[in-house]
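Using the sequences and the hints given, assemble the complete structure.
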Amino acid sequence: MPKLKYKKHDHDDRKKKSKKKHHRSRSPKKHRRHRHRYYSPPKIYNEEPGWIPMHDERNEEDEWRQRLFEAMADDEGHDPFYAQYDNYHVDQVHTMNDEEYREHIAAGMYRRQNAEAIAHEERRQAERERREREREEAQERMRQEHARMVEEQKRQEAMLRRRTAVDSRKQYELKWTHIETASTILSKKEIPWPVCPGSSLSAEHVKEFVLASAKTTDETRKMVRKEQLRYHPDKFVHRVLNKFQGTDKEKARLHEKANEVSGWLNEIWQELAAGR
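Under full-length UniProt numbering, the first residue of the sequence shown is numbered 1, with each subsequent residue one higher.
Calculated directly from the structure, the hints in this document are not laboratory data.
It cannot be assumed that every hint is accurate.
Claimed, not checked - Below, a list of computed lysine-lysine pairs in the DSS-like style, where the Cα atoms sit at most 30 angstroms apart:
{"id": "1", "residue 1": "Lys207", "residue 2": "Lys170"}
{"id": "2", "residue 1": "Lys226", "residue 2": "Lys189"}
{"id": "3", "residue 1": "Lys226", "residue 2": "Lys175"}
{"id": "4", "residue 1": "Lys189", "residue 2": "Lys207"}
Right, here's the structure in full:
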């Protein structure tokens with residue numbers, strides 16, 4: 001606080017001078033025009049050089065925040081009040097503690113000072129994400145195309161097996177006629193199985209072969225029933241294995257295969273009964 005140096009008021013001197021002026025003679029025709037003076041309050045002390053009033057002192061942190069405030073207003077491109085105090089920022093800032101708020105301010109200043117580098121990095125990141133997204137989309141298209149090709153291949157193979165089954169049905173029936181009329185069976189190759197030639201013995205292949213030549217539901221039921229009687233374990237032993245001249249190991253293997261075929265035929269029959 002500066003030292004106060006009181007000055008003598010020159011109010012009394014002005015009053016004396018004004019009285020003397022009033023006693024001067026004036027011409028009745030001429031009137032002096034008074035000049036208007038602006039009021040200047042008296043000073044009761046002299047300001048010391050270099051002294052700054054308390055209300056003009058500025059805190060460095062306040063100046064820093066003010067600069068950040070102005071920078072954020074420039075970034076937003078509209079009125080600084082609404083740029084800083086919209087609902088989102090107000091709610092966000094109000095929930096921060098001192099340290100979080102300081103970090104928030106520092107992050108804002110950093111983005112302001114490094115806007116070009118940050119924008120460049122964001123563009124690079126966006127480009128990387130775009131390329132990654134395109135790569136994943138390309139891989140997904142390849143997977144879908146591969147799956148479609150596999151399904152198409154399976155469909156073509158199934159159609160081929162059905163045509164082959166229809167064509168090989170006659171040979172299959174001739175083998176069964178030979179088995180039933182022969183007194184002995186010398187080779188296991190003479191025993192027929194309800195699959196297309198060259199196909200493995202499986203539930204899918206058995207179903208395709210049995211149902212290939214049937215055109216109606218009644219024909220399908222009759223065909224499945226006929227095959228069930230042929231590969232029934234007891235009947236298969238009596239009609240086939242008792243005539244087979246192979247080893248006991250071969251007989252056991254043929255009996256096992258007949259049981260598998262019989263189980264698959266039973267499943268097909270159950271599906272037909274359920275209307276599937």
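Legend entry - Violated hints - listed by number, lowest first: none
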